[in-house]
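Please model the complete structure; the sequences and the hints are all you need to start from.
Chains as they are written, first to last, in our numbering: chain B, 7 to 235; chain Z, -15 to 569.
It should be emphasised that the hints constitute simulated quantities derived from the structure, not laboratory data.
Positions of the beta carbon are idealized from the N, C-alpha and C atoms, including for glycine.
Just to be clear, a hint being listed does not mean it is correct.
[What the hints assert, rightly or not] List of simulated lysine-lysine pairs, DSSO-like, C-alpha gap at most 30 Å:
1. Z:K436 - B:K126
2. B:K188 - B:K126
3. B:K200 - Z:K504
[Claimed, not checked] Here are a few chain Z residues that sit away from chain B, every Cβ distance over 12 Å (derived from the structure):
4. V5
5. N80
6. R91
7. Y101
8. I142
9. Q173
10. E248
11. R275
12. V277
13. L279
14. G319
15. E423
16. D456
17. V517
18. G553
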Amino acid sequence: MEERRHTSREYERELREIKEGLLYLGALTERAIERSMQALLERDSELARQVVCDDDQIDRIDVEIEEKCIRLLALRQPAARDLRFITTAIKINGHLERIGDMASNIAEKAIILNDVPQIKPYIDLPRMAEIARKMIRESLDALVHENVALATSVREEDDAIDQLNDQIFRELLTFMLEDPRKIHASLYIMQISKSLERISDHAAGIADMVVYMVTGHSVRHKSSCEPKE
Amino acid sequence: MRTRLFFKLFGAYVVIAVLAVVVAGFVIERQIKAGLTRWIEDDLMAQAKIIALMPDAEIARQFRLLAERAQARVTLIDAAGRVIADSHSHLIAVDNHLNRSEIQEARLKGQGASIRYSQTLKADTLNVALPLYYGQNLTGYIRLSRPMFQVVQSVDEIRLSVLKALLLTLLLSVILAVVFSSKIVAPIQEIAAFTDRIRKGDVSGMVMIESRDEIGQLARNINEMVSGLQEKIRQANDERWKLRAAFAGMAEGVMVLDAQHRIENLNKGMADIIGREYADIVGKSVLEVFRNVELQDALNRFRQAGEPVLQEIALGDDMPLVLDVSISAVKNLPGEAPKTMMVFHDLTRLKKLERMRVDFVANATHEIKTPLTAIIGFVETLEQGAIEDTAMARKFLHTIRENALRLNRLVDDLLILSNIELGETKLNLEGLVVADVLERALMLIQANAALKNISLRTDLSAELPLIRADRDKAVQIMLNILDNAVKFTPDGGQVSIAASEDEHDFITLKITDSGPGIPKSELPRLGERFYRVDKMRSRDLGGTGLGLSIVKHLMKAHQGSMEIDSTPGKGTVVSLKFSIFQKTS
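As structure tokens, this is what we get:
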């Protein structure tokens, strides 16, 4: 009996470690996004290189969490809710790692952009980054509190990001048409915008997984061709 | 009173009393029975001995009289055991009496006695026998028998007395039990009730028992114990309240983590610093609440090294705070799982002031250096011969003058600012018509606005009350704000001014432009000296970087306020709040 209780406590601890690991990874990716944007806005290439370097840590923790999940699956054979949590954790882990990569990409583009004159004040990009970070934070909040309503609301914020992305695209298109010398910088800014848009997609993916974890129903892959009303 | 203790006492008394009475009755009965029997036997024996003195024939002849006198049955038996005469039986018994135990005893010992149930008399009978001699020859035996009615009667009387004594004893036992149990049980019950109340947590009062015996001692001990307990509880409560007051009243945020690294407790200071509810934080891990890499790393470092960690952390932009956190172990009782204490100092304000000071020095130097560099550069160029070219020299001199003027403006602004800050600026407060003040400011700005094709629109309701302000300063305030609005609004945009009276005795002027707007994160820093949102651009536009700072301070001196709200991409709204002029004031 004592033995079993001990084992069960160990098991609880392992589950919690995975959860904490995800939160830590989330905090790391949030910081990476914040710093990559700061590097871009303040033309701080040193900081950008730091972000690229820090991605190694994100990758390492990604591997660690995955190993923990697989070990727990193999040794403990979790069932029902715990099983859903572990499979969810594996997927969230993947999303977060990809977000880290995106942040690293943004930092790389920032290094290039910092070497050429700034073609326009960055107003929409920081807003996108802010929303994307908020989405990551809220989707992980939803994970912590097992809050389906919060997770669902994360998905809705994705629209704002898509709109901003479109807006930046149109704006840059005008720049490029007006002045071919701005094409180089514009293309990189566009890639940053795209990366932020991808980050928000991953955040929404995390939120979907949280909904699945709590309710057991998948909300992913809504049909893209909705019937016209 | 009907308690178990009562029945125990009562039972004990009854058992003891009954045993005593029964044993005593039994002993007395035996004694009396034996005594009476001996007395009867002796009496019969004495009479038998008297009768035996008579000759046999005489006995046979007068035995009826003898029996009557001796109050006994007299039987004469010959040597062979045949009954010769019997006073109580007309039938001469056929059986041989030689085998009767008293006869046998008499034959062997010279006298005999026995107790036997007599069929004839229907009762226990005491028989005594003596041998009769004629000369040396045994001629027969004389036997005297008397029924033992007397003995039986006496024994019966004694038994009745014992029964009566038993009843009396039972009654006495009940009385004694009631009395004693009231003396013993009542105080014990009182103590039991009192200790029960203590067990349930009420440690007030004491048990009142006036007694010198062990129960009294017990009661006194309990009273002393309880008063000791009361004192200890009071002390513990005092300590707890002191600690709680200190813990709750601290401005520093304190969090205690349990052995599982969950937040076990936190004070109000902590909840205030991070602006979240107590219930929102308790039971969570630090990572769950803060989601901050630096804080988590510091915590991990503490866990690995086991030594106190001191670190400055900056929280993310949803909580724009700079905190100084110290992490240390809580000294707790041996055997308890180790706990962690985290103390947070809010450095946000300090950091802001520090940054403002550093920025001020850097900015002021820069602002002064730029025109100076230009002036020096052009003067040197002139010295190196450019002065010969009159047209060029004139152009250079113009630039030098421009830059000198800019320096002058800068120094003027700094002077104004420091005067306001030092409180040396005298405000001549009077009632002013908003439209008049605005008109004077607009006159000065119109040329610039026209140059950029910016439309200026005013929307003032006609019946606004007077504002309480210094005329020149009010114009300066509006001029500064309008100048900014025109400066930052792109060509063809518009600036509109509206004024309204709000319910709190204030008039609010709203100056709205259609400029690029200001990011939210920059808003709190506006009004700092030399602070510029877009560093490159605004300097090109010729500002000193002190305009908003002057407005902010002037508004403060007027007991009004300035608020700036902005949507990036749409424009900025500056709200100026002036108090309404009241004649009495």
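Going through the hints against the structure:
In summary, the hint linking Z:K436 to B:K126 is supported, as the alpha carbons are separated by about 21 Å, within the 30 Å threshold. For the hint pairing B:K188 with B:K126, the CA-to-CA distance comes to about 10 Å; that is within 30 Å, so the pair holds. Of the supplied pair hints, the one linking B:K200 and Z:K504 holds, its CA atoms being roughly 23 Å apart against a limit of 30 Å. Non-interface status of Z:V5 relative to chain B is upheld: no Cβ of that chain comes within 12 Å, the nearest being about 62 Å off.
Residue placement check: Z:N80 keeps its beta carbon more than 12 Å from all beta carbons of chain B (closest about 94 Å). Every CB of chain B is more than 12 Å from the CB of Z:R91 (nearest about 93 Å), matching its label as outside the interface. Every CB of chain B lies more than 12 Å from the CB of Z:Y101, the least distance being 80 Å, so the non-interface label holds. With a cut of 12 Å on Cβ distances, Z:I142 stays outside the contact zone with chain B, its closest approach being about 73 Å.
Annotated as non-interface, Z:Q173 keeps its C-beta farther than 12 Å from every C-beta of chain B; the closest such distance is 44 Å. The Cβ of Z:E248 sits about 16 Å from the closest Cβ of chain B, beyond the 12 Å cut-off, so the non-interface label holds. With 12 Å as the threshold on Cβ separation, the claim that Z:R275 sits away from chain B is violated: the shortest Cβ distance comes to roughly 5 Å. The claim that Z:V277 is not at the interface with chain B is violated, since a C-beta of that chain comes within 12 Å of its own (minimum 5 Å).
Distance check for Z:L279 against chain B: the nearest CB is about 9 Å away, which does not clear 12 Å, and the non-interface claim fails. The claim that Z:G319 lies off the interface holds: its Cβ sits roughly 18 Å from the closest Cβ of chain B, which is beyond the 12 Å cut-off. In this structure Z:E423 is separated from chain B by more than 12 Å, as the shortest Cβ-Cβ distance comes to about 34 Å. No beta-carbon of chain B comes within 12 Å of the beta-carbon of Z:D456; the shortest separation is about 36 Å.
Taking the minimum C-beta to C-beta distance to chain B, about 10 Å, the non-interface status of Z:V517 is violated against the 12 Å cut. With a least beta-carbon separation of about 6 Å from chain B, Z:G553 fails to lie farther than 12 Å from that chain, contradicting its non-interface assignment.
Hints 11, 12, 13, 17 and 18 from the earlier list are contradicted by this structure; the remaining hints agree with it.
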